[in-house]
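Participant: Construct the entire structure; sequences and hints are all you get.
Quick mapping for you: the protein sequence lines, in order, are chains A and B. Heads up, the first sequence is in our numbering, so the first residue is 1309 and it goes up one at a time. Heads up, the second sequence is in our numbering, so the first residue is 17 and it goes up one at a time.
Since the hints were derived computationally from the structure, they do not count as laboratory data. Heads up, a few of these hints could be off.
Okay, derived cross-link-like pairs now, BS3-like style, lysine-lysine, Cα gap no bigger than 27 Å in a straight line [stated by the list, open to error]:
hint, chain 1, residue 1, chain 2, residue 2
1, A, K1473, B, K147
2, A, K1473, A, K1425
3, A, K1510, A, K1391
4, A, K1391, A, K1365
5, A, K1473, A, K1414
6, A, K1379, B, K147
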Amino acid sequence: MRTMILAAILAATPAVTAPAAAQTPAPQAGAALDPEAAEALNRMGAYMRTLKSFEVKSDATFERVYENGQKLQFGTVTTYRVKHPDQLQAEIATDRNQWKIFYNGKQLWLVAPNSSKYTTFSVSGSVADVLTRARDNWGLDFPLQDLFRWGSPTATVEQPSSGFKVGDTTLGNTPVTQYAFRQPGIDFQIWIVKGEQPLPAKMVITNLDVPEQPQFVTRFTWNLNPELPSGSFSFHPSSRDQRVTFGADAAAEK
Amino acid sequence: MKLLATMAGALALTMSLTMSLGTSVEARPSQAGPAQAGKVKAQSRSSVNTRPQHQVSNQQAYKAGKAAGGRQQRDVVVVGNPGHGHYDNGHYNGPRDWDDDDNEVLEFIGKTAAVTAGVSVVTAVIGEVVKDQPSGCQPANIGGQQYLNCNGTFYQPVPNGYQVVAPPQ
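Facilitator: Shown next, in the form of structure tokens:
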């Protein structure tokens, strides 16, 4: 008798939960890019490109998949201080190491504070240009390059193949809207601050290239009035800092 | 494991590129804990607006290398997976992460910059198919696979010619 009642309850359960499940927007097969979601991404990018200077801190966790199938999580705190269009100061602090990057529009310095070593390249162009060059020419992948590419007409941005609004929520006390997008090899979600300053507050990137789907998760803290005294964007080595050179030819690469 | 394999390559590079990294290149075990889990197979991506791979610039590097002429040094640039690493003298120099050892990262940056700038001579691009068999090739059977070893660059026959492959390890 008891068993029968339990079975009856179990049988009834799906009927009870079904309406609740229907409220959560689910990606549909062959779903397209919802114009509202696309517009939210464009509006955020356009706003970010109006900022003459900003400081943004990303507190991120990311995952590595190992040969034995284990997935481990690590942390990276990245701070970008930017003066549009071509000045950048960055700090990248991982669980194991720390880097400082300076770019003043003419010269880029990569500084390893733990070993007091640094190297420098002569480059010019926008911050986005330099990050592209760092990746393509020096094999150096800066985190969160999206911050410099969204809304930029020169960016090699691929339009997501699908996207939709997940819903409104708050992060801390900040009202935000969550969106989910798909593009080849990547699913990403972005939480955009509601109102007149539509900045990204949180982002999740899921790598679809491998079955384990390692994720990158970050929260952003924005400061739109940072103190950036002149000289912030150049590295001033002390006597104990040691410059690493690769030969004049390599440093003068085009 | 990864550290040992790349250190050998890195030491060779130090000499060929006249890099000054101080008196010694010491390896700090930056990934001490996960060693028993094996090598890193994959990791998350931290940007959505980047080209997934390194293709274009490596092709440019290949052209730069060809224009420089000569075949003294055997550098092989990797097109497509596994991303922005490069081979040289049979050693794969994989991409570096921000939490790797300072010296390793700096060496990798310097070497990659040099390869890209065509300072060292790029002889072949992995994935490239040539119609005719290159000169000076020796057949090689390594790990049950048939290769052609042509002056240190490894090829395998494909329907429309010979394809450059990663040097067998």
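Participant: Against each hint, give a clear statement of whether it holds in the structure.
Facilitator: Against the structure, the hints come out as follows:
1. K1473(A) - K147(B): Outside the cut-off at roughly 51 Å; violated.
2. K1473(A) - K1425(A): violated (46 Å)
3. K1510(A) - K1391(A): holds (22 Å)
4. K1391(A) - K1365(A): holds (15 Å)
5. K1473(A) - K1414(A): violated (41 Å)
6. K1379(A) - K147(B): It is violated: about 43 Å lies between the C-alpha atoms, which goes past 27 Å.
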